[in-house]
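Visitor: Please model the complete structure; the sequences and the hints are all you need to start from.
Number of protein chains: 2
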Amino acid sequence: MVSAGAPDNSQVLNRAARKRAAILEAAQHVFFAKGFVGASMDEVAATAAVSKQTVYKHFRNKGELFSEVVTSVVRARDAGIPAELLSSGKGSFEEQLRSFARFFLKGVMQPDVLRLRRLVIGEAGRFPELGEVFYDLGPKRAVEQLAVVLRQSSAHYGFDLPDPDIAAEYLLCLILSIPLDQSMLLGDEPALTDAELDRYADEGVRVFLRAYT
Amino acid sequence: MVSAGAPDNSQVLNRAARKRAAILEAAQHVFFAKGFVGASMDEVAATAAVSKQTVYKHFRNKGELFSEVVTSVVRARDAGIPAELLSSGKGSFEEQLRSFARFFLKGVMQPDVLRLRRLVIGEAGRFPELGEVFYDLGPKRAVEQLAVVLRQSSAHYGFDLPDPDIAAEYLLCLILSIPLDQSMLLGDEPALTDAELDRYADEGVRVFLRAYT
DNA sequence: TCAGTACTAGACCGTTCCGTACAGTACTCC
DNA sequence: GGAGTACTGTACGGAACGGTCTAGTACTGA
Chain A
16 MVSAGAPDNS
26 QVLNRAARKR
36 AAILEAAQHV
46 FFAKGFVGAS
56 MDEVAATAAV
66 SKQTVYKHFR
76 NKGELFSEVV
86 TSVVRARDAG
96 IPAELLSSGK
106 GSFEEQLRSF
116 ARFFLKGVMQ
126 PDVLRLRRLV
136 IGEAGRFPEL
146 GEVFYDLGPK
156 RAVEQLAVVL
166 RQSSAHYGFD
176 LPDPDIAAEY
186 LLCLILSIPL
196 DQSMLLGDEP
206 ALTDAELDRY
216 ADEGVRVFLR
226 AYT
Chain B
16 MVSAGAPDNS
26 QVLNRAARKR
36 AAILEAAQHV
46 FFAKGFVGAS
56 MDEVAATAAV
66 SKQTVYKHFR
76 NKGELFSEVV
86 TSVVRARDAG
96 IPAELLSSGK
106 GSFEEQLRSF
116 ARFFLKGVMQ
126 PDVLRLRRLV
136 IGEAGRFPEL
146 GEVFYDLGPK
156 RAVEQLAVVL
166 RQSSAHYGFD
176 LPDPDIAAEY
186 LLCLILSIPL
196 DQSMLLGDEP
206 ALTDAELDRY
216 ADEGVRVFLR
226 AYT
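Residue numbers (my numbering), protein chains in the order written: chain A, 16 to 228; chain B, 16 to 228.
It is possible that some hints are incorrect.
Note that the list lumps identical chains together, so a pair holds whenever it fits in one copy or between two copies.
Below, a list of computed lysine-lysine pairs in the DSS-like style, where the Cα atoms sit at most 27 Å apart [to be verified]:
(1) K67 / K77
(2) K77 / K49
(3) K34 / K67
Simulated from the structure, these hints should not be mistaken for laboratory data.
None of these values were measured; they are calculated from a predicted model.
Guide: In structure tokens form, the structure reads like this:
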């Protein structure tokens, strides 16, 4: 019997690694639902179908488990940009930016990513270093990648873009901020459809291009 | 002896109202520092220099106290736009928008407002209605006020602005999002100086005007 | 002045939680 | 097959917390 929602690691991981993965996944679930203080180690152990002792064998204490959960989720989300996005030259500049915009917005608006963001923001006082990890692998990376695209394209299409790094920051906030801020304060229900997200992405790009070309 | 940081209400409020105010102020402090679950009613009572029984005489339970704290802080910040901002006609359109932008950004970046935002976002699962209160009296009001300004000014200066409500949304996120998102994830220390905030506000307005005029 | 109300101080109850301890069982790897 | 490691189940100590209770004190307002 393979537990639903989790890959069957029984063949590729030894027992210890398997247990560790189960604990991390259970902890993610519990922390996302109840926050750091609200979550209990007993519930994590029960959800992972593991004894509490085993939890403490893998993670020194609650805080370390929390840190590992957050960093592992952030890193898992950081798979990077799909190759086809980076192969520039396909379509107009606006179409290219639109592809990026839709990709970033869809990623950021994943329910788990939204929950993670809420968690990190809420615990920024207790775990400031986690905010930094999230920022570096989230917004910061996105801006850097957009800046590369802007630099290439402005050269390729021959228009003047004085400061691509700053332009990328404004582009990103034009794409993400409106739906993201609403989700942060008003919750993710009802979730926006893909079509609505695409409209936000496209409109953000449109405003950006009017300002910068 | 008047406690520092709080107005001396001893002359204008009777005892009950005075105690109630002291509890709210103490609770704000404790909740901001430790979050909802992390704060304890004993600490609130001690900080307010009040017996725990008195706390429970004024507020039915911890959740109600938390709600009252958040709504009272939000409403206190909702004093509205100073009159001199609304008296249009002074200066160019860009100067007028700059005044608004600087005003909004400075308000949003107040340490207490940042802490409140973090708190509301972190507890959005437990208290969704507080997110709504915050949103309605925060971003939503700001967008509405900006839309009024845009409507008036586009008529007054005779340029075409098809959808002032949507334009106001983009204007607001161009003004606020970059410093605000950084503060949410990276903490408020070190706080940005007024001059830096003004630069963000002015640059946001500049990008907006390039896109919309 | 005096009744009624608000407040105080502290004990208290039931629960929850983190982290540890322990004795016994399952697995893994040589 | 056998030693060594990982895991289980449960119990426990110690602390914290939300909320109630009680008995006594200070204040208020007519």
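Visitor: Next step is simple, just say for each hint if it's right about the structure.
Guide: Here's how the hints hold up against the structure:
no.	hint	in the structure
1	K67 / K77	within (12 Å within a copy, 30 Å between copies)
2	K77 / K49	both (14 Å within a copy, 17 Å between copies)
3	K34 / K67	within (12 Å within a copy, 45 Å between copies)
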